[in-house]
Structure formats: structure tokens, C-alpha cells
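So the protein sequences, as listed, match chains A and B.
Here the first sequence is numbered in the numbering used here, starting from 356 and rising by one per residue.
Here the second sequence is numbered in the numbering used here, starting from 356 and rising by one per residue.
Rather than coming from a laboratory, the hints here were simulated on the basis of the structure.
There's no promise every hint is true.
Identical copies carry no separate label here, and so any pair may be met within one copy or between two of them.
[Stated by the list, open to error] Straight-line C-alpha distance at most 20 angstroms; calculated SDA-like pairs for lysine to any residue: (1) Lys-548 x Gly-518; (2) Lys-548 x Gln-538; (3) Lys-468 x Gly-446; (4) Lys-499 x Ala-547; (5) Lys-548 x Pro-537; (6) Lys-433 x Gly-384; (7) Lys-548 x Gly-522; (8) Lys-499 x Pro-537; (9) Lys-548 x Arg-449; (10) Lys-548 x Gln-523; (11) Lys-468 x Ala-481; (12) Lys-548 x Glu-524; (13) Lys-468 x Leu-557; (14) Lys-548 x Met-525; (15) Lys-499 x Pro-540; (16) Lys-468 x Glu-555; (17) Lys-468 x Leu-479; (18) Lys-433 x Gln-523.
There are 2 protein chains.
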Amino acid sequence: LVDVAILLFDGLTALDAVGPYEVFRCVPGARISFVAAEPGPKLANGGLELMASHRLDEVANPDVLLVPGGGGVAAVSKDEAILDWIRRVHGQTRWTTSACTGALVLAAAGLLKGVPATTHWRSLEALAALGAQVVNERVVRAGKIITSAGVSAGIDMALTLVGLELGQEMAQTVQLAIEYDPQPPYAAGSPAKAPPAIVERLRRV
Amino acid sequence: LVDVAILLFDGLTALDAVGPYEVFRCVPGARISFVAAEPGPKLANGGLELMASHRLDEVANPDVLLVPGGGGVAAVSKDEAILDWIRRVHGQTRWTTSACTGALVLAAAGLLKGVPATTHWRSLEALAALGAQVVNERVVRAGKIITSAGVSAGIDMALTLVGLELGQEMAQTVQLAIEYDPQPPYAAGSPAKAPPAIVERLRRV
Numbered sequence: 356l357v358d359v360a361i362l363l364f365d366g367l368t369a370l371d372a373v374g375p376y377e378v379f380r381c382v383p384g385a386r387i388s389f390v391a392a393e394p395g396p397k398l399a400n401g402g403l404e405l406m407a408s409h410r411l412d413e414v415a416n417p418d419v420l421l422v423p424g425g426g427g428v429a430a431v432s433k434d435e436a437i438l439d440w441i442r443r444v445h446g447q448t449r450w451t452t453s454a455c456t457g458a459l460v461l462a463a464a465g466l467l468k469g470v471p472a473t474t475h476w477r478s479l480e481a482l483a484a485l486g487a488q489v490v491n492e493r494v495v496r497a498g499k500i501i502t503s504a505g506v507s508a509g510i511d512m513a514l515t516l517v518g519l520e521l522g523q524e525m526a527q528t529v530q531l532a533i534e535y536d537p538q539p540p541y542a543a544g545s546p547a548k549a550p551p552a553i554v555e556r557l558r559r560v
Numbered sequence: 356l357v358d359v360a361i362l363l364f365d366g367l368t369a370l371d372a373v374g375p376y377e378v379f380r381c382v383p384g385a386r387i388s389f390v391a392a393e394p395g396p397k398l399a400n401g402g403l404e405l406m407a408s409h410r411l412d413e414v415a416n417p418d419v420l421l422v423p424g425g426g427g428v429a430a431v432s433k434d435e436a437i438l439d440w441i442r443r444v445h446g447q448t449r450w451t452t453s454a455c456t457g458a459l460v461l462a463a464a465g466l467l468k469g470v471p472a473t474t475h476w477r478s479l480e481a482l483a484a485l486g487a488q489v490v491n492e493r494v495v496r497a498g499k500i501i502t503s504a505g506v507s508a509g510i511d512m513a514l515t516l517v518g519l520e521l522g523q524e525m526a527q528t529v530q531l532a533i534e535y536d537p538q539p540p541y542a543a544g545s546p547a548k549a550p551p552a553i554v555e556r557l558r559r560v
């Protein structure tokens, strides 16, 4: 876990990228590149711009690839330059990962055929339609591919990866550094736990 | 909760800003401004650049002010232009908030004298030295000021604020939208829970 590449694109969900980023950057020696078809500011859902520092062809063999999700996934899933890069890079990674609907991009690149995987709860059917073997868990590991559920699940995914790669003590150190002792004021974070009316309303949006 | 202003500066911790951002931007109608002494890219700890969209004098009366933390807090705490802006804006806000060591900036601005507040566990003593009444909880509300513990605690803070301002149903809707059903693979997210040797090592860093 030295070189981490995080794909950026217009319409990403900022927390999908920044949650795992904050975990990885706490690992001593980690170098994180933000990669895009065109470097420069990428517009996240909601208006924040995150800066992409590297072109695709400048990042060939990261140890970890992270693909975030967001509304921009539909366009990225048809962008052959990005999909080719993902396939090439995946051949070299130690870990290929996604947060939220980033899994749909990995699937579009052909990486998830028959592979156990997950995504945001509203996109589980779309992921299945792309050939993945959908698993309704927060973090799903299949060999070197680790996918995670919606948005905030990327933090759990990244801590899991640090534990697998560098051991429990490093993962616990990072967890304490970012004081990740979650205490949500409500218990509505999954469709199984939220009030059914809220689930239905969000499903229709 | 219509206009949210998030202060950016070089040396911020990205997740301190982006965790609450992701919560606030899921509220229908919310407008979020990223404010800095100089607009443009701000370098977060670890290398990511976040774009500041507004100058201080362009944002005078947000409903919510969020001050993130990070290594850059030392410099920001001596920047009279920023501290003046915080004091002025605080006079108009419905809620004035911080994540992580952003509380030290609120304290430097004179907002926390005798006020119950919290920050990253490693900075609790520094916060007390600035006159705050330190409370060792993850989210601390004192009137319209809400401070939160280290880094990831900003997510819990923002959900708490949405619940207070807009009600439980909206907060639960946002929580489900970002699938915030945390399942950290370890239980090491606070100094009370982490192995003592890890706590001691991080304390010395």
C-alpha cells in the first residue's frame, strides 16, 4: 500500500473518494494520486470541486485502485479510455476497490462478471444486471477486488483493506487517528433499518 | 438550513469538510459555499486539493458555518481576517459548527470562552487551554454552537444538526441516502477503546 490511485470524474460523490482517501493517507509512506481523463477540477455532486492531479497514462501500476460513485457513473461507464485504463491498471494492482456506485464502473469494465460485489442499496439491481453476483453486505471482498455499499461505506472498506494488507495494528492506528468511533444519532443507515416510508420515498427519487 | 458556508484553508483535513458537506448537500435546497481568504485550490493534508469558490467578503450571512480542522489550524488561528470573518458570520448564523480541530479556530476567534465543546482527542488539552469547557463526547451542542470530535465525527455532527433543524425524518432520509450504517472492522476509534499502546504511540506523534 504505497501508491494509491483514486479515479475522479465530473459527477462523483465527494465522500466516496474522500472517506477512503483519509484512511489511506494516514498510512505512513502512502502516496495518493487523483487520476482523471483530463486533470484539473472535477465537479462533485453538490458543487464541490476536487482537483485531479494526474492523467490516466501517468498512473500505470498503483498498488490500490479506488473507483468512487455518483451521478457521473453513467457517463464514465461509457468512456472507453477510462474503462481501458481500469482494465490495464487492474492487471497490476494488489487491490482494486470501489465505493458506492463505483462498482457499476468496475462492472462496465468487465471486472465483475460472476464476482461477488456490492454497491449503494438503490443500485444493487443495476449491478446484478451487469453480471455481478450481488451480495447485500457493507464490504465485499472477492480475491483482490473489494467493493462497498453506499457513500460512507468506503471508510469501512478502506479500513478493511489496510487491515488485510498491513495488519490489525496499522488499521486500528488509522481508525484512532481519524477518531472513527461512529455514533449516528439515528439508526436509519440501511434500508433494513430505516422507516419503510423513507426507504420507499428514496427509492422513487 | 439553506446556505451553508464551509471554511477552507491550506492544511485542512479533507474529511472534516467533506463528511458534513455530503450530509448537508443531501438536504433539498441546500446551497454550499466553500469559503477562503483567497479562492482557488486549497491543499488538504495528504495532497488532495479542494477548490474554494468564495472569498470571505462574498459570504456574509450563512445559516450554517462549518470550520474543519487539520494541520493548517495553527496558521488560521493567527489569521485576523479569517477570525474577524468568523466572528461576524457567527453573529448571523443559525448554527456555528466545527469538526475536529476546527474547534481550536472557533476558540481562537473567541467563541468558546466557558462554552462546552470538543475536538480531536489529541487536542482536548489545547482546547481547554483556550478557555473552552471541554466535554469528552463525540458531538457537543451549546446553544447554536456544535463542535465534534476528530475527523469522522463531523458526519455525526452534521446529521445531528439536520435533525435539530429539520426534524428526525429529514435526518434519517439523509442518513439512508449516504447509507451511513457504519460497520468499522475494528473497535479502535476512541482512546477509551483502542489498545493503550496505539493510543500512546499516536499521542507522541
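Results of checking the hints against the structure:
For a Cα distance limit of 20 angstroms, the shortest separation of Lys-548 from Gly-518 across copies, 17 angstroms, qualifies, whereas the shortest one inside one copy, 27 angstroms, does not. For the homomeric pair Lys-548 and Gln-538, the shortest alpha-carbon distances inside one copy (15 angstroms) and between copies (14 angstroms) are both at most 20 angstroms. Taking the shortest alpha-carbon separations for Lys-468 and Gly-446, only the intra-copy value of 16 angstroms comes in at or below 20 angstroms, while the best inter-copy value is 56 angstroms. For a Cα distance limit of 20 angstroms, the shortest separation of Lys-499 from Ala-547 qualifies neither inside one copy, at 28 angstroms, nor across copies, at 33 angstroms.
Taking the closest pair of Cα atoms, Lys-548 and Pro-537 come within 20 angstroms of each other both inside a single copy (16 angstroms) and across two copies (12 angstroms). Taking identical chains as interchangeable, the C-alpha atoms of Lys-433 and Gly-384 are never at most 20 angstroms apart, the minima being 34 angstroms within one chain and 30 angstroms between chains. Taking the closest pair of Cα atoms, Lys-548 and Gly-522 come within 20 angstroms of each other only across two copies (18 angstroms); inside a single copy the shortest separation is 31 angstroms, beyond that limit. For the homomeric pair Lys-499 and Pro-537, neither the shortest alpha-carbon distance inside one copy (27 angstroms) nor that between copies (22 angstroms) is at most 20 angstroms.
Neither within a single protomer nor between protomers do Lys-548 and Arg-449 lie at most 20 angstroms apart by alpha-carbon distance, with minima of 34 angstroms and 31 angstroms respectively. Taking CA atoms no more than 20 angstroms apart as the test, Lys-548 paired with Gln-523 passes between copies only; the shortest distance there is 14 angstroms, against 29 angstroms inside one copy. Proximity of Lys-468 and Ala-481 under a CA criterion of 20 angstroms is satisfied intra-copy only: 13 angstroms inside one chain copy versus 52 angstroms between copies. When the C-alpha separation of Lys-548 and Glu-524 is checked against a cutoff of 20 angstroms, the pair qualifies only between copies, where the shortest distance is 13 angstroms, while the shortest distance within a copy is 31 angstroms.
Neither within a single protomer nor between protomers do Lys-468 and Leu-557 lie at most 20 angstroms apart by alpha-carbon distance, with minima of 28 angstroms and 42 angstroms respectively. For the homomeric pair Lys-548 and Met-525, the shortest alpha-carbon distance between copies (15 angstroms) is at most 20 angstroms, but the shortest distance inside one copy (31 angstroms) is not. With identical chains, the CA atoms of Lys-499 and Pro-540 are at most 20 angstroms apart between copies only, with a shortest distance of 18 angstroms across copies and 34 angstroms within one. In the homo-oligomer, the alpha carbons of Lys-468 and Glu-555 never lie at most 20 angstroms apart, since the shortest distance is 29 angstroms inside one protomer and 46 angstroms across protomers.
Taking identical chains as interchangeable, the C-alpha atoms of Lys-468 and Leu-479 lie at most 20 angstroms apart only when both belong to the same chain, with a minimum of 14 angstroms there against 49 angstroms between chains. For the homomeric pair Lys-433 and Gln-523, neither the shortest alpha-carbon distance inside one copy (38 angstroms) nor that between copies (39 angstroms) is at most 20 angstroms.
Checked against the numbered hints above, the structure violates hints 4, 6, 8, 9, 13, 16 and 18; every other hint is satisfied.
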